[in-house]
Amino acid sequence: MAKILMIEDEQALRRALKDAFEYHGYSVIMAADGESGLKYAESERPDLVILDVMLPGIDGFEVCKRLRASGFSAPVLMLT
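In the numbering used here, the protein residues as written are 10 to 89.
To be clear, the hints were calculated from the coordinates, so they are not data collected in a lab.
Only a predicted model underlies this, so the values are computations on that prediction, with no experimental measurement involved.
Among the hints, erroneous ones may be present.
Straight line, CA to CA, 30 Å or less: simulated DSBU-like cross-link-like pairs of lysine-lysine [to be verified]:
hint, residue 1, residue 2
1, K12, K48
2, K12, K27
3, K74, K48
4, K48, K27
5, K27, K74
6, K74, K12
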């Protein structure tokens with residue numbers, strides 16, 4: 010089963026997307042901010058990251074830069 014990490018601060022959107030992906034058989038890990046998203050990316054090694062641009066603390070662009078700098082090579086889909 011493919012694993013998706015969703016980094017999104019809007020709870021309603023995060024929940025709706027999680028439900029939709031799980032309905033189609035994906036495993037979904039959720040983070041509400043960039044810092045926890047980075048930790049989950051390192052520990053869970055997802056197959057895909059869905060990343061909001063505007064996040065509290067570290068924004069989505071910085072999260073993406075840090076992921077790539079750490080050698081993380083899975084696709085990142087930016088939500089704007």
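Each hint, compared with the structure:
no.: 1; hint: K12 - K48; result: holds (15 Å)
no.: 2; hint: K12 - K27; result: holds (11 Å)
no.: 3; hint: K74 - K48; result: holds (14 Å)
no.: 4; hint: K48 - K27; result: holds (19 Å)
no.: 5; hint: K27 - K74; result: holds (24 Å)
no.: 6; hint: K74 - K12; result: holds (21 Å)
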